[in-house]
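Undergrad: Sequence:
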Amino acid sequence: VVQTARYSEILDKRAAQGVLCGMDADFIKSIYEHIHEESVRQQMEFMNKQ
1 VVQTARYSEI LDKRAAQGVL CGMDADFIKS IYEHIHEESV RQQMEFMNKQ
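Those letters in the sequence shown? Residues 1 to 50, by full-length UniProt numbering.
Treat the hints loosely; a few may be bogus.
[What the hints assert, rightly or not] Simulated restraints, written as ranges between beta carbons of each label pair: (1) D12 / E38: 18 to 28 Å; (2) G22 / E45: 35 to 45 Å; (3) K13 / M44: 19 to 29 Å; (4) K49 / G22: 40 to 50 Å; (5) G22 / F46: 21 to 31 Å; (6) M44 / E9: 18 to 28 Å.
[As the list claims (entries may be wrong)] Straight-line Cα separation of at most 25 Å, DMTMM-like style, residue types lysine to aspartate or glutamate; simulated pairs: (7) K13 / E37; (8) K29 / E9; (9) K13 / D26; (10) K49 / E37; (11) K13 / E38; (12) K49 / E38; (13) K13 / E33; (14) K29 / D12; (15) K13 / D24.
Read the hints as simulated data drawn from the structure, not as lab findings. Since we're looking at a predicted model, the values are computed, not measured. Just so it is clear, CB atoms sit at the ideal spot from N, CA and C, and this is done for glycine as well.
Between the sequences and the hints, there should be enough to build the whole structure, so can you do that?
TA: Here it is as structure tokens:
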């Protein structure tokens with residue numbers, strides 16, 4: 001279950017933290033988006049095996 005508002009909040013907060021460390025906000029968001037996509041893929045794979 002994706003909580004869109006919560007997901008956006010997390011992305012924004014982590015991007016802001018990355019900027020404070022001298023990183024590009026879009027880079028940080030991209031990393032989190034890839035992690036999220038893989039998490040969803042693994043959850044779907046697990047659910048399809050049951």
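Undergrad: Hint by hint, note whether the structure agrees.
TA: How the hints compare with the structure:
1. For the pair D12 and E38, the supplied restraint of 18 to 28 Å holds, since their beta-carbon distance comes to about 21 Å.
2. Judged by the Cβ atoms, the range 35 to 45 Å given for G22 and E45 holds: they are separated by roughly 36 Å.
3. Checked against the hint of 19 to 29 Å, the pair K13 and M44 passes, with Cβ atoms roughly 26 Å apart.
4. At roughly 42 Å, the beta carbons of K49 and G22 sit within the given window of 40 to 50 Å.
5. At about 37 Å, the CB distance of G22 to F46 disagrees with the hint of 21 to 31 Å.
6. Distance hint check for M44 and E9: the Cβ-Cβ separation is about 24 Å, which falls inside the suggested range of 18 to 28 Å.
7. With a C-alpha separation of about 19 Å, the suggested pair K13 and E37 falls inside the 25 Å cut-off, and the hint holds.
8. Only pairs whose Cα atoms come within 25 Å are accepted, and K29 paired with E9 is accepted, the gap being roughly 11 Å.
9. Taking the CA atoms of K13 and D26, the gap is near 12 Å; set against the 25 Å cutoff, the hint holds.
10. At roughly 19 Å between alpha-carbon atoms, K49 and E37 fall within 25 Å of each other, so this suggested pair holds.
11. Distance hint between K13 and E38 is fulfilled; the C-alpha atoms sit about 20 Å from each other, no more than 25 Å.
12. The straight-line distance between the Cα atoms of K49 and E38 is roughly 17 Å, inside the 25 Å bound, and the hint therefore holds.
13. Of the supplied pair hints, the one linking K13 and E33 holds, its CA atoms being roughly 13 Å apart against a limit of 25 Å.
14. Taking the CA atoms of K29 and D12, the gap is about 8 Å. The hint holds against a cut of 25 Å.
15. Proximity of K13 to D24 is assessed by CA-CA distance (about 13 Å); at most 25 Å being required, the pair is judged to hold.
The structure is inconsistent with hint 5 alone, although it conforms to all the rest.
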